[in-house]
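For chain R, the structure is supplied; the task is to place chain H with the ligand on it using the hints.
Protein sequences, first through last, are from chains R and H. Sequential numbering from 0 applies to the first sequence in numbering that gives the first Met the number 0. Sequential numbering from 0 applies to the second sequence in numbering that gives the first Met the number 0.
Among chain R residues calculated to face chain H with C-beta under 10 Å, some are:
1. W58
2. S88
3. T90
4. H105
5. N118
6. V119
7. A127
8. L130
9. T136
10. R147
11. A153
12. M309
13. Q311
14. V312
None of these hints come from the bench; they were simulated from the model. Treat the numbers as computed from the prediction; the structure is a model and nothing was measured. Beta carbons: idealized from backbone N, C-alpha and C, even for Gly.
Chain by chain, the residues:
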Amino acid sequence: MARDSEREEVHEYLLLNRIFEEKVLEEYEDSGIPELPHLSIGQEAVGVGGTFAFEADDWLAPSLRTRAVMLMRLSLRDVVTGMYGTKSSPTEGRTTQHHLGSSENHILGTTGLIGSHLNVAVGAGLSARQLDEDRVTGVFFGDGAATRGEFHTAINYAAVEDLPVVFILENNQWIEETPAMDVIAVEENISEMAGHDIPKEVIDGQDVDVVLESVSGAVERARSGEGPTLIEAKTYRYRPHAEVIPERRDEKEIEEWKERDPVHLHEERILDDGLVDEEWIEAKRAEITEEVNSAFEFAKNDPMPAEDVMYQVYKDTEIDENGGVVR
Amino acid sequence: MTELTVRESINQALAEEIERDERVFLYGEDVGDYGGLYQVTEGLQEQLGDDRVFDTPLSETTLGGTVVGAALTGSRPIVEIMFGDFLSVIADHLINYAAKMHFNYGDGTSVPLVVRTTYGGGDQFGLHHSQDPMPWFQNVPGLKMVAPATPYDYKGLLKAAVRDDDPVVFFENKQRYEVSGDVPDEDYTVPIGEADIKRRGEDMTIVAIGGMVDVAMEAADELDAQGYDCEVIDPRTVMPLDKETILESVKKTHGLTIVHESAQFGGMGGEIAAEAADEALYYLDAPVKRVAAPFTPVPFAENLEQSYLPNADDVEAAVIDALEG
Ligand SMILES: Cc1ncc(C[n+]2csc(CCOP(=O)(O)OP(=O)(O)O)c2C)c(N)n1
Numbered sequence: 000m001a002r003d004s005e006r007e008e009v010h011e012y013l014l015l016n017r018i019f020e021e022k023v024l025e026e027y028e029d030s031g032i033p034e035l036p037h038l039s040i041g042q043e044a045v046g047v048g049g050t051f052a053f054e055a056d057d058w059l060a061p062s063l064r065t066r067a068v069m070l071m072r073l074s075l076r077d078v079v080t081g082m083y084g085t086k087s088s089p090t091e092g093r094t095t096q097h098h099l100g101s102s103e104n105h106i107l108g109t110t111g112l113i114g115s116h117l118n119v120a121v122g123a124g125l126s127a128r129q130l131d132e133d134r135v136t137g138v139f140f141g142d143g144a145a146t147r148g149e150f151h152t153a154i155n156y157a158a159v160e161d162l163p164v165v166f167i168l169e170n171n172q173w174i175e176e177t178p179a180m181d182v183i184a185v186e187e188n189i190s191e192m193a194g195h196d197i198p199k200e201v202i203d204g205q206d207v208d209v210v211l212e213s214v215s216g217a218v219e220r221a222r223s224g225e226g227p228t229l230i231e232a233k234t235y236r237y238r239p240h241a242e243v244i245p246e247r248r249d250e251k252e253i254e255e256w257k258e259r260d261p262v263h264l265h266e267e268r269i270l271d272d273g274l275v276d277e278e279w280i281e282a283k284r285a286e287i288t289e290e291v292n293s294a295f296e297f298a299k300n301d302p303m304p305a306e307d308v309m310y311q312v313y314k315d316t317e318i319d320e321n322g323g324v325v326r
Numbered sequence: 000m001t002e003l004t005v006r007e008s009i010n011q012a013l014a015e016e017i018e019r020d021e022r023v024f025l026y027g028e029d030v031g032d033y034g035g036l037y038q039v040t041e042g043l044q045e046q047l048g049d050d051r052v053f054d055t056p057l058s059e060t061t062l063g064g065t066v067v068g069a070a071l072t073g074s075r076p077i078v079e080i081m082f083g084d085f086l087s088v089i090a091d092h093l094i095n096y097a098a099k100m101h102f103n104y105g106d107g108t109s110v111p112l113v114v115r116t117t118y119g120g121g122d123q124f125g126l127h128h129s130q131d132p133m134p135w136f137q138n139v140p141g142l143k144m145v146a147p148a149t150p151y152d153y154k155g156l157l158k159a160a161v162r163d164d165d166p167v168v169f170f171e172n173k174q175r176y177e178v179s180g181d182v183p184d185e186d187y188t189v190p191i192g193e194a195d196i197k198r199r200g201e202d203m204t205i206v207a208i209g210g211m212v213d214v215a216m217e218a219a220d221e222l223d224a225q226g227y228d229c230e231v232i233d234p235r236t237v238m239p240l241d242k243e244t245i246l247e248s249v250k251k252t253h254g255l256t257i258v259h260e261s262a263q264f265g266g267m268g269g270e271i272a273a274e275a276a277d278e279a280l281y282y283l284d285a286p287v288k289r290v291a292a293p294f295t296p297v298p299f300a301e302n303l304e305q306s307y308l309p310n311a312d313d314v315e316a317a318v319i320d321a322l323e324g
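The following block holds chain R by itself, in its conformation from the complex (with noise of 0.2 Å):
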C-alpha cells in the first residue's frame, strides 16, 4: 500500500481521469470536438495506478486509451488544446492528442496502428541498456494489440534480453465490437498467449491498489536487472469503442462492471480508513472540475494554427513543400 500522501495523489488522478473525460463526452455530445474521444472511463484504475507506478523520468508508451499518461504526464491545457488541435496545442494542430509524443516529459510518440508501439518501448528498454541509464519503459496497451505479432516478438526480444520493460495490459474484453475472446485461442487469460519465460500477474484492474502494487512490484524487478514483466489487468470500458460507435454490449454487461467502479472503490476505501472526510473528495472534486473547466475554455477560445506549422518534416534538412532540398 502506498504512503497516504500517496494514496490521496493517486484519488486526485483518478477523479481527475473521470471528471475529464465526463467533460470530454459532454462537450463532445453539446458541441463536437474535433479529436473523436475513445474514452476510458471504467478502466481509469489500470492507467492511474500504472503510471503512478514509475519515476517521472521513466518512459512510458499509452495504448490510445490511456488517457492517465497523458493527464499525469502534460498539463490539462496541452491535453485539451492537442484535442481541439488549436495553436497553443503541443504540436501546434499536426497531431491529436492520441499519440502525441513528448522528450521533456518522457511520453513515446505512438501511432494510429494499434499495437505498433510494443516493440518501440522494448527499443526504448534496449536504449536504457545500452546508455547505462536507470530507466525503466512503461507500456500500455489493449487485448486486440495483443493479438498482434508485435506483441509476441516485443515480449521475446525483452525476455531474452532481460530488458527494464513493464508489459501492462488493459484487458477490457471487447476488441472495438468483437468479444476478445471471441479471436484469441486460450481458455480465460489473454497473458497465456505468451509462453515466454517472463513473470506473468493476472490482477483486478478495477483496484487501483492492486494495480499499482503489481506494477510497482515489475519496476523494482525491471530496475534491479531482472528483465521484464507482463501484467494482464481485468477491466472493463463503460463507453463504446469510441463516441461515433453505437453501443451494441448487453446492458447487464455494462451494469455489473459498473458495481466495480474504480473511482467508486477507492474512495469507499480511503474514506473507511480515515484518510480523508467527504468535504475533502467534494473539495477536490469542485477544484479539479474548474480547472478541467478553465482548460476547455481556454481550448475553445484558442486561435487555430498558422499553415506554415505543418512543414515540420525533417529536422535536419530543410525542404520545400514539394519535397526539395533548400539549398
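Just chain H with the ligand, lined up with the frame of chain R:
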C-alpha cells in the same frame, strides 16, 4: 587517401562512428561474430565489443520497432536489414513511426536511426531477394533514403547518416561491394541532400541512382567515343531530392535521361521527369528517357534477370534515341 572497396569503406565508417559516439550501436541478424551475410560487419564485434555490435532474433518486426524506440530515447542505433525486400516487414515502423515522429512531437524530437540494407539483382537470388525497394518509400515525407555509388560516398554518407537527426535508410547495392576507390584517411562526411556531378558534359544529363551510376558512367564513356558528351548526376540522397542540381544541369544540356534499377512505372524517374517538365520544359531539346526495369518481379533465370536489369547498352541506346530521334 587509401584505396578501399565499398565493403571496407562501410566497415570503416561503422567502426569509426561506433567508436566516436557511445550512443551509436549496431545490431541485426548475424551482424555479430559472423560479420553479416555480406561480411560487411566483419571483425566489428571483436573490435568494438558485443555490447556495441550484436545479433538479434529473426524478427524484422522487433528490429523495426526497437530501432525507433532506441532512437526516440537518446540512442543513435544502426540496424541491418539483411535484404531490402524485407523492408516490407518494417514498413509500418518506417512509414508510420520513424518518418512521422518529428511531426508528432511538439519539441523538435526526431528519430536519429539508420537502417542499413542491401538491394538489387544480379545474383539469381530470385524475386524476394533482389528487389530495389526505394520506390516503396519515395512518397513518405520524413524518411530519408541514401543510395551511394562510390567507396568515398558510401563512407561519407554513412557517417553523415549516423550523425543525422532524422531517420535514414541506407541502401547498399549487392553488386558493388567489391568496387574500389580512393577514400580519405581523415574523418569526413558527405552531406545528405546533395547530389554529385560524377562526370561533366554538355549534350545530355543522365541522372543515375545507386548501382546504376557505374552503368551510366560506362555508357557515358561509350557515348563519348561516338561524340556525345554526357553529364552524369548521382543524387546520392534519393529522398529528399536535390532537384536544383538536376534542373541546372538539364538547363545546360537540354536533355534528360534517368536510370534506376526499380521498375520504370512508379519510380523516381517519373518524378524527376515531371520536375523537368514543370521547371525546365522549354530548355529541353529532346524527349525525356527513362531506363529502368520492366513492370514485373525480378526473374530468376540468368538470361531473364540480365534482360530485366538496365545495363550500359540500354542507357547508350536511350541517349542516342533521345538525341537523334
Ligand atoms: C493495426 C490496427 N488495426 C486495426 C485498427 C483499428 N482499431 C482501432 S482501435 C481497435 C481496437 C483495439 O482494441 P484493444 O487493443 O483491445 O484496445 P482498446 O480499444 O480495447 O483499448 C481497432 C480494431 C488500428 N487502429 N490499427
